Amino acid sequence: MDNQKNFRKTLGKHLKIKREELDFSQEKFAWDAGLDDKNFGKIERGVKGPSIQTLYKLRYTHNLSIDQLLDDVRAELEQEGDD
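The opening position of the sequence shown corresponds to residue 181 in the working numbering, with each subsequent residue numbered one higher.
Hints were generated in silico from the structure; no laboratory data involved. Be aware that a few hints might be false.
[Unchecked claim] Cross-link-like lysine-lysine pairs, in silico, DSBU-like; alpha carbons within 30 Å at most: (1) K237 / K218; (2) K218 / K189; (3) K208 / K193; (4) K228 / K189; (5) K222 / K198; (6) K198 / K185; (7) K228 / K193; (8) K208 / K189; (9) K208 / K228; (10) K237 / K189; (11) K218 / K185; (12) K208 / K198; (13) K208 / K218; (14) K193 / K237; (15) K196 / K228; (16) K237 / K198; (17) K218 / K198; (18) K185 / K222; (19) K198 / K228; (20) K237 / K185; (21) K228 / K218; (22) K222 / K189; (23) K185 / K196; (24) K185 / K228; (25) K196 / K237.
[Stated by the list, open to error] Distance ranges between label pairs, derived from CB positions: (26) G261 / W211: 35 to 45 Å; (27) D216 / K193: 12 to 22 Å; (28) H242 / K222: 17 to 27 Å; (29) D212 / E260: 12 to 22 Å; (30) W211 / E258: 30 to 40 Å; (31) Q259 / G214: 31 to 41 Å; (32) G261 / Y240: 31 to 41 Å; (33) F187 / G221: 12 to 22 Å; (34) S205 / S231: 20 to 30 Å; (35) D182 / D203: 13 to 23 Å; (36) D182 / W211: 26 to 36 Å; (37) K218 / K193: 11 to 21 Å; (38) N219 / Y240: 11 to 21 Å.
Here the structure is a predicted model, which is why all the values come from computation and not from measurement. C-beta: ideal position from N, C-alpha, C; glycine also.
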């Protein structure tokens with residue numbers, strides 16, 4: 181799998197984990213941030229990557245730490261590279 185696709189899939193996976201930790205449906209999580217739930221679903225599945233504006237909205241709507249999110253993604257990608 182290419183690096184960009186792997187990054188998108190891993191980022192989407194971790195966004196889903198954060199959303200579930202906050203106990204939100206995908207629709208409610210996206211709606212509250214002013215995002216389209218169908219597009220957000222594509223982000224969670226790794227079909228597309230989030231824009232900076234989307235990350236900004238999620239950060240301030242749901243108090244997500246983008247630093248922590250990216251650190252989690254990096255850790256998983258590095259672990260996969262060690263396998």
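Numbered hints the structure breaks, given as an ascending list: 29, 35
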